[in-house]
Amino acid sequence: MSEATGRTLWAALQLLDRQLRDRHDILCGNVDDVELTYDDDEKVLYATAILSGPGRLARRMGRRRVGDWLVAFFASTTVDGHDPSRIPFRVVRNFGPVIDLAVDADDLASFATERWVRDHVISHIPGNDHAAE
Amino acid sequence: MLLSELFATQVHTADGRLLGPVRDVRLVQDGPLDGFTAKFRVDAIVVARRSVGLRLGYHHGGVRSPWVIRRVVTALSTEVHTIPWTDVADHDPEGQRLMLQATWKPAPS
Amino acid sequence: MKRLLAVFLGVLTAIGGFVDIGDLVANAATGARFDMNLAWAVVVGVVGIVVYAEMCGRVAALSGRAVFDLVRERLGPRMAMANLAASFFINLLTLTAEIAGVAIALSLAASVNYLLLIPLAAVLVWLVIWRMPFETMERVFGLLGLSLLVFAVAVWRFGPDWSTLFHDSATPTVPTTESPWTYAYYAIALFGAAMTPYEVFFFSSGAVEERWTEKDLRINRINVLIGFPLGGALSLAIMALSHLVLAPRHIDVGLLSQVTLPVASVVGRLGLAAVLIGIFAATFGAALETSLSAGYIIGQYFGWPWGKYVRARQAARFHLVVLIVIVVGALFGMTRVDPVKVTEYSIVLAAAALPLTYFPILVLANDRDYVGEHCNGRAMNFVAMVYLVILVLVSLATIPLMIITRAGA
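Chains as they are written, first to last, in this note's numbering: chain H, 1 to 133; chain W, 1001 to 1109; chain L, 2001 to 2409.
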């Protein structure tokens, strides 16, 4: 778990476009945007979630309709309809040069195409299971 | 609201002067607990009309060298203001405008 | 002792891996046309790549991150995307040239039209990427590339007047038969051939693949400081041989086979065999590097798992991109596009695109958050800044020169 309290972060310098890594050290996308939420008084603004996925990046780069459509699309593919491009801050283990998450890459929108290509293309090529290492 | 939307928001002083869009946001983890971790609160915003080199770290990122690049980047940028969130009077997300308190004054250079 | 051997092997690999089809064509063509009057451009290019590669390697080792990953983080997604598009396109051109080069090397040995061998070359390149371990791949093709030392042997065998050779190189002039614009254009081509961007993407990603740390910095510096200049010397040997053998006969280099002519005429059958092995290794090695680089830069920009060090099925999109670029490169090559022309375009455009990736790396090498205490010193920053200026000037001059000289005609 990351430090429980007291940390200071600059969003543009230390959060945005940083590499994300899941709990098995698998690279799983970048911080494409950040969700900000007002508290009930509309006075204090909190950063509540990291947003990552093709729709989020598209939206940030100006393609709002395409972006929103993609976000909705990937949300519709989850079992309970939650948004897999939304990664709540409480799930972040470490805000380092790479941001470590306590979740699995498979749960994230940015990994959806990876799974698809793996299952529909790469797994059909013999030898895909050992590291050429 | 999205951070990218905040970065498209223009900041004005109480008397109507345009300072520029939000360029960066300082988050401090001193909010109420969300699970085991405290929430990240927006503590301050960095505002500048033109901000060459801000993302490269030449302003608040601690990069000092090469000095030629730092000089060029500083010369190309306009004034950069770091404004505490408490000095924000009004935020209009639809109109993408942020208005500061009348009491806010730019830091002496 | 074991350490020494590792260092020695590393340097040899760097030398053998330095020359690719761009260096072969650029140096041979320039030697035939401008004699040694552009030797200085190779020297400037070699110093440049030494500086660039050292900074890149240092940043990769200390931050554990590769170039495009960091380019997006520091420049933002928009600028990095423009950067990505340009780099990817040039990479594709280079890959087309390298695959064609492999096919030509094979065709010179087998007397079959090279166009028929392009599919074979593409399949071999892909197979090696798919199955051969990263380090083995580097070693094998790097060491095989040392066969190109036959160019140096040929120059020595030819027995030129060494003092004249050095004097000509040190006092460059624009030949009266050539315009200064064409001279400048070829200088840019040589520069781009020495400072290839894909080399840097590959080098930096390789450093992360091999999990370099602070301890590897010294070895990296030795490889770069010794290996690259010696590779540059090899390039100059190619230029010198062209100047000694082809220029007096007014033979211009328009075909890859003409690059082999001088060696065959001076060293004979054995020399020809060596140069063919060398060209095969150099182009094959470069084809491997450029295809992997295509995967690296796209994967790093989008945050995908990438690299050969994980199972293929764990870096599926990366491997798909690599496969697709190899296929596209092969198909483009088979449209009978002139491989020498494609090579020339790729190195010149690569030179023009250099500032895009050089600049963020220079800044990162100065950012303690990434390199800790191994920040650029003042001397390093001075040289690095001089090169930034050179790169920007080259970049601005490239397209106009290309138009004025009709691509070096």
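These aren't lab readings, by the way, just hints derived from the structure by calculation.
This structure is a prediction, so every number in the text was calculated from the model and none was measured.
Every residue gets a Cβ at the ideal spot worked out from N, C-alpha and C, and that includes glycine.
Just to be clear, a hint being listed does not mean it is correct.
Not close to chain H: a few residues of chain W, all C-beta gaps over 12 Å, as computed [claimed, not checked]:
1) L1003
2) R1017
3) R1026
4) A1038
5) V1046
6) R1050
7) G1061
8) H1091
9) E1094
10) A1102
11) W1104
12) K1105
13) P1106
14) A1107
Okay, derived cross-link-like pairs now, DMTMM-like style, lysine to aspartate or glutamate, Cα gap no bigger than 25 Å in a straight line [to be verified]:
15) W:K1105 <-> W:E1079
16) H:K43 <-> W:D1043
17) H:K43 <-> W:D1090
18) L:K2002 <-> L:D2216
19) W:K1105 <-> W:D1090
20) L:K2215 <-> H:D25
21) H:K43 <-> W:D1015
22) L:K2215 <-> L:D2369
23) H:K43 <-> W:D1030
24) W:K1105 <-> W:D1043
25) W:K1105 <-> W:D1034
26) L:K2215 <-> L:D2161
27) L:K2002 <-> L:D2252
28) L:K2002 <-> L:E2214
29) W:K1105 <-> H:E42
30) L:K2215 <-> L:E2373
31) L:K2002 <-> L:E2178
32) H:K43 <-> W:E1005
33) L:K2341 <-> L:D2252
34) W:K1105 <-> W:D1087
35) L:K2341 <-> L:E2178
36) H:K43 <-> W:E1094
37) H:K43 <-> W:D1092
38) W:K1105 <-> W:D1092
39) H:K43 <-> W:D1034
40) H:K43 <-> W:D1087
Outcome of the hint check:
1. Some Cβ of chain H comes within 12 Å of the Cβ of L1003 of chain W; the nearest lies about 4 Å off, and the non-interface call is violated.
2. No Cβ of chain H approaches the Cβ of R1017 of chain W within 12 Å, the least distance being about 23 Å, so the stated non-interface status holds.
3. In this structure R1026 of chain W is not separated from chain H by more than 12 Å, as the shortest Cβ-Cβ distance comes to only about 6 Å.
4. Consistency note on A1038 of chain W: stated as away from chain H, yet its beta-carbon is not over 12 Å from all of that chain's, at 4 Å minimum.
5. Distance check on V1046 of chain W: its Cβ comes as close as 8 Å (rounded) to a Cβ of chain H, failing to clear the 12 Å threshold; non-interface status is violated.
6. No beta-carbon of chain H comes within 12 Å of the beta-carbon of R1050 of chain W; the shortest separation is about 15 Å.
7. Here G1061 of chain W does not stay apart from chain H, with its beta-carbon only about 5 Å from theirs, under the 12 Å limit.
8. At roughly 8 Å from the closest C-beta of chain H, the C-beta of H1091 of chain W falls inside 12 Å, breaking its exclusion from the interface.
9. The claim that E1094 of chain W is not at the interface with chain H holds, since no C-beta of that chain comes within 12 Å of its own (minimum 14 Å).
10. For A1102 of chain W, the non-interface assignment is confirmed: its Cβ lies about 17 Å from the closest Cβ of chain H, beyond the 12 Å cut-off.
11. The beta carbon of W1104 of chain W is kept farther than 12 Å from every beta carbon of chain H, the shortest such distance being approximately 16 Å.
12. Even its closest Cβ contact with chain H, about 21 Å, leaves K1105 of chain W beyond 12 Å, as expected for a residue assigned away from the interface.
13. Once the 12 Å rule is applied to beta carbons, P1106 of chain W is consistent with being away from chain H; the minimum gap is 20 Å.
14. Distance to chain H confirms A1107 of chain W as a non-interface residue, since its nearest Cβ pair spans about 18 Å, more than 12 Å.
15. With a C-alpha separation of about 13 Å, the suggested pairing of K1105 of chain W with E1079 of chain W holds against the 25 Å cut-off.
16. Among the hinted pairs, K43 of chain H with D1043 of chain W is consistent with the structure: their alpha-carbon atoms are about 12 Å apart, no more than 25 Å.
17. Our distance criterion of 25 Å between C-alpha atoms is met by K43 of chain H and D1090 of chain W, whose separation comes to about 9 Å.
18. A threshold of 25 Å between alpha carbons decides the hint, and for K2002 of chain L with D2216 of chain L the separation of about 15 Å falls inside it, so the pair holds.
19. For the hint linking K1105 of chain W to D1090 of chain W, the alpha-carbon distance of about 16 Å falls within 25 Å, and the restraint holds.
20. At most 25 Å may separate the alpha-carbon atoms for a hinted pair to count; K2215 of chain L and D25 of chain H meet this at roughly 23 Å.
21. Simply put, K43 of chain H and D1015 of chain W have alpha-carbon atoms about 21 Å apart, close enough for the 25 Å limit, and the pair holds.
22. A hinted pair counts as satisfied when its Cα atoms are at most 25 Å apart, and K2215 of chain L with D2369 of chain L qualifies at roughly 18 Å.
23. Distance check on the hinted pair: K43 of chain H and D1030 of chain W sit about 15 Å apart at the alpha-carbon level, within 25 Å; holds.
24. Pair hint K1105 of chain W plus D1043 of chain W holds up; C-alpha atoms about 17 Å apart against a cutoff of 25 Å.
25. A threshold of 25 Å between alpha carbons decides the hint, and for K1105 of chain W with D1034 of chain W the separation of about 35 Å lies outside it, so the pair is violated.
26. Between K2215 of chain L and D2161 of chain L, the direct Cα distance comes to roughly 45 Å. Violation of the 25 Å bound is thereby established for this hinted pair.
27. With a C-alpha separation of about 46 Å, the suggested pair K2002 of chain L and D2252 of chain L falls outside the 25 Å cut-off, and the hint is violated.
28. Among the hinted pairs, K2002 of chain L with E2214 of chain L is consistent with the structure: their alpha-carbon atoms are about 20 Å apart, no more than 25 Å.
29. About 24 Å separates the Cα atoms of K1105 of chain W and E42 of chain H, which keeps this hinted pair within 25 Å; it holds.
30. With a C-alpha separation of about 14 Å, the suggested pair K2215 of chain L and E2373 of chain L falls inside the 25 Å cut-off, and the hint holds.
31. The hinted pair formed by K2002 of chain L and E2178 of chain L fails the criterion: a straight-line CA distance of about 52 Å is larger than 25 Å.
32. About 18 Å separates the Cα atoms of K43 of chain H and E1005 of chain W, which keeps this hinted pair within 25 Å; it holds.
33. For the hint linking K2341 of chain L to D2252 of chain L, the alpha-carbon distance of about 13 Å falls within 25 Å, and the restraint holds.
34. A hinted pair counts as satisfied when its Cα atoms are at most 25 Å apart, and K1105 of chain W with D1087 of chain W qualifies at roughly 10 Å.
35. Proximity of K2341 of chain L to E2178 of chain L is assessed by CA-CA distance (about 19 Å); at most 25 Å being required, the pair is judged to hold.
36. Between K43 of chain H and E1094 of chain W the alpha-carbon distance is near 17 Å, which keeps this suggested pair within the 25 Å criterion.
37. Simply put, K43 of chain H and D1092 of chain W have alpha-carbon atoms about 13 Å apart, close enough for the 25 Å limit, and the pair holds.
38. With a C-alpha separation of about 21 Å, the suggested pairing of K1105 of chain W with D1092 of chain W holds against the 25 Å cut-off.
39. A threshold of 25 Å between alpha carbons decides the hint, and for K43 of chain H with D1034 of chain W the separation of about 18 Å falls inside it, so the pair holds.
40. Restraint check: the Cα-Cα separation between K43 of chain H and D1087 of chain W comes to about 11 Å, which is no more than 25 Å; the hinted pair holds.
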